[in-house]
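2 protein chains.
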Amino acid sequence: MHHASTRTLLVAPLIAAAAVASAEPLPSWEDGVSKRAIVEFVARISREDSADYVAPRERIAVFDNDGTLWAEQPIYFQFAFALDRVKTLSSVHPEWRSTAPFKDVLSGDTRALVASGQKGLLQVIAASHSGITTEDFDTIVGSWLATAKHPRFERPYTELAYQPMLELLDYLRSQDFKTFIVSGGGVEFMRVFAEQVYGIPPEQVIGSSAVTKFVAVGTNGKPALIKEPQIDFIDDGPGKPSGIDRFIGRRPILAVGNSDGDLQMLQWTAGGAGPRFVALVHHTDTDREYAYDRDSQVGKLDKALDEAQRQRWLIIDMKHDWRRIFADNGE
Amino acid sequence: MHHASTRTLLVAPLIAAAAVASAEPLPSWEDGVSKRAIVEFVARISREDSADYVAPRERIAVFDNDGTLWAEQPIYFQFAFALDRVKTLSSVHPEWRSTAPFKDVLSGDTRALVASGQKGLLQVIAASHSGITTEDFDTIVGSWLATAKHPRFERPYTELAYQPMLELLDYLRSQDFKTFIVSGGGVEFMRVFAEQVYGIPPEQVIGSSAVTKFVAVGTNGKPALIKEPQIDFIDDGPGKPSGIDRFIGRRPILAVGNSDGDLQMLQWTAGGAGPRFVALVHHTDTDREYAYDRDSQVGKLDKALDEAQRQRWLIIDMKHDWRRIFADNGE
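Respectively, the protein sequence lines represent chains A and B.
Its first residue numbered 0, the first sequence is counted upward by one per residue in numbering that gives the first Met the number 0.
Its first residue numbered 0, the second sequence is counted upward by one per residue in numbering that gives the first Met the number 0.
Just chain A, same shape as in the assembly (with noise of 0.2 Å):
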C-alpha cells in the first residue's frame, strides 16, 4: 500500500509496531521468560472457572514511577524541574546568589548541592513547589514539560516513558484491571503528564505530597487551594504500602517496581492471598539507557533486588527483554 519514500521508511516502522500491536499484546518485548510470565499470569486469573480467578473490580495494578514506568537519569526529572524553575525564581530573589542551597543550583555546583543533604535538597523542593495554587502549578509543569529536554537524550522528558511498560499498561486494562501509579515523586506533578503519557487518570496517580491550605477567597476572588512548604506525606519505601492502603483500600495483585523504595509495595502485594504478580525493572542496558542497581546514588536497587531473587519475583532485563526502550527507538 506503501510506494517507498524518504517518509514513508522513516515511518514505517512504526506502522508495523501498531499493526502488531493489535494483533498480538507486548510487541517491544521479546518473546521470553518475561514476556511469557505476564501474559500467563492474566490469563490464569483471568478464568471464570479457576480457583485463581480475580474479580475485574479486584485487578488492582501498582506501578512505581521514576526508573520504572520512566526513566530517572542522571537525576530525577522532578528535581530537574525543581532545579529549572529555582533558576527562573532567581530574578525576582536576587538573595539567593549569596545563600546555600541556591547559589549551588544557580552556579550549576552539583557537589556542594549534593553536600547540603536532605535539608538543602528540601528547600529546593519548597522554594519550587510551594506558595502557590494548586492550579498555577499544573501550569508551570505543564510549561516545563513542553520546553525541557534531557541532556542526554535530548527530547521532552515525557518521550522517555518506556514503550514496553505503555504496552504493559494498555494490555492490562484491556484486561479489566485499573492500573495506579504509586511513586515517591510529587502526586501533583506525576498528574500533570500520568494521563496524556501513561492513559492513567489523575485519581489513580498516588505520591508523595504537601499540605495544601484551602482559602475561600483567592486572589482571583475564587477559591483556591495554596501548596504550603510543608511534606505531607512521602510515598516511599513503608510509606508505599500505607498509601496503597489510604488511597486504594485494596491490596493490589500486580506491582512492579525498580528500587529499593519499592520493595515494600513489592512485599504488600506479594503477601496477599491467591495469585500475586510482583516484578522489578532491572537497569541493565548502556547503549540504549543506563545501567545501574545497588551503587546507584538515583534509583538505587540492592535489598530489593535480593528480596526479588529470594522470592522469586520477575526481574526483568531491560536489555534483554526490552526490544525497544522508548516509542522511536529502532529495534
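Hints are not guaranteed to be accurate.
No copy is singled out in the list; a pair is fine if it fits within one copy or between any two copies.
Heads up, simulated DSS-like pairs for lysine-lysine below, C-alpha to C-alpha not over 30 Å straight-line [to be verified]: (1) Lys212 with Lys299; (2) Lys302 with Lys34; (3) Lys302 with Lys221; (4) Lys212 with Lys302; (5) Lys318 with Lys34; (6) Lys212 with Lys118; (7) Lys34 with Lys212; (8) Lys34 with Lys86; (9) Lys177 with Lys299.
If you are wondering where the hints come from, they were derived from the structure by calculation, not from laboratory data.
Just so you know, these numbers come straight off a predicted model, no measurement behind them.
On the provided structure of chain A, position chain B as indicated by the hints.
Chain B alone, transformed into the frame defined by chain A:
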C-alpha cells in the same frame, strides 16, 4: 402477570419501584424543583454540541456520607460502632471501669462522655480503631454492621441509606459520572460497606484516616499494616477540598453535602469554571427521619445554609422532595 396473594401484595411496591427505575430516573424523588434541577444539569453537561459539555473523564461527583447518603442521628453510626467496640474490649481492659471516658461509655453516661470533650472522643476512637491490622479492622466492622441495629428504626445501619440518594448515584453513573464519597468519617470504616450499599468502590472513598505502620512480618508471618492511635488526616471542613485535591486531583463538577463540615467542599466545587451543581440535603422530616439544622450537635447546618441561600445552591427538602427516605419506606 401476578395473582394477588399476600406475598405478591407485599412485594408489589418493590416490583413497581424497580419497573419505574428502569423507565425514568430518580423515582423516589417528587417531580419538583430539586429533581428537575438535577436532570437539567446532567442534560446540560452531556450535550456534545453545547458550550457546557463536560467530557466523561471530568464528570467527578462528590458526596458527603453521614447525613447525606445515610442517616447520622442520634449519633454518627461510626461512633455507635466505637462505643460498642469499647464495651466488647472492656473484658480485657478491667481498668476502664474506673477510667474516664471509658467508664462513662460502659455505664452509658452520655452526658459525662460529652463533657470529656474532644480529648475523650479521641480516646474512644483510638481505643476502638487502633492496635490491630487493617484486615482485622475490616472484619470487625463487617461483623458489627451485620448485627448492630439502629435504636429508633431497629434495623441494620446499612439499611438507613437514603433511597433517593442511591438513585441519584446510580443515575449519575449511568451518565458517565465517577462518584466519590468525601466524608469526615473514617475511610476504612466506610469502605467496608460503601461498595455494596452505594456501589462506590474503596478507591473512590475519601475520609479521615489514622497513620498505618507497615510490618514486613506480621503475627501470621505475612506483611501487615497496623492501625496506629495517631490521626493522619481529618477530611472535614477545609480538609475536604485538600482531600479532593490529594485523592482525586480534579475539581468536582457536582457536590452534595448536608452540614457546615461540607461548606468548603461546596465552595471549592462551585468555584470552578463552567457548569457546576452544588446541593445541600436539608433534614426536615421528623416523622420519617429527623428534622435539624442550626442547633444540632450532630450535622450542624448553619453557615452552609446561609451560603446556600446566598449563592442559590439547591437545598433539597427531605420532607417535600423525597417520596421515600429509606428503601422500605412506603410512599
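Point to revise | Intra- versus inter-subunit Cα pairing at 30 Å for Lys302 with Lys34 | key: within (24 Å within a copy, 58 Å between copies)
Check your understanding: At most 30 Å between C-alpha atoms: does Lys212 with Lys302 qualify within a copy, between copies, both, or neither?
Key -> Answer is between: at 20 Å across copies they meet the 30 Å cutoff, but 38 Å inside does not.
Check your understanding: Using 30 Å as the alpha-carbon threshold, which applies to Lys212 and Lys118: within, between, both, or neither?
Key -> For Lys212 and Lys118, both the intra-copy (23 Å) and inter-copy (25 Å) Cα distances are at most 30 Å.
Review point. Under a CA distance limit of 30 Å, which applies to Lys177 and Lys299: within one copy, between copies, both, or neither?
Key: For Lys177 and Lys299, only the intra-copy Cα distance (28 Å) is at most 30 Å; the inter-copy one is 38 Å.
Practice item. Pop the pair Lys34 and Lys86 into one bin, within, between, both or neither, using alpha-carbon distances up to 30 Å. Key: Result: close neither inside a copy nor across copies, 43 Å intra and 54 Å inter.
Review point. Given identical chains, is Lys34 near Lys212, meaning Cα to Cα at most 30 Å, within a copy, between copies, both, or neither?
Key: neither (45 Å within a copy, 34 Å between copies)
Exercise for review: Give the relationship of Lys318 and Lys34 under a CA distance limit of 30 Å: within one copy only, between copies only, both, or neither.
Suggested key: Only inside one copy: Lys318 and Lys34 sit 14 Å apart there, 60 Å across copies, limit 30 Å.
Practice item. First find the shortest C-alpha distance between Lys212 and Lys299 inside one copy, then the shortest across copies, and answer within, between, both or neither for a cut-off of 30 Å. Key: Between copies only: 23 Å across, 34 Å inside.
Review point. From the Cα coordinates, with 30 Å as the cut-off, is the pair Lys302 and Lys221 best called within, between, both, or neither?
Key: Only across copies: Lys302 and Lys221 sit 18 Å apart there, 48 Å inside one copy, limit 30 Å.
The structure fails to meet hints 7 and 8 from the earlier list, while all remaining hints are met.
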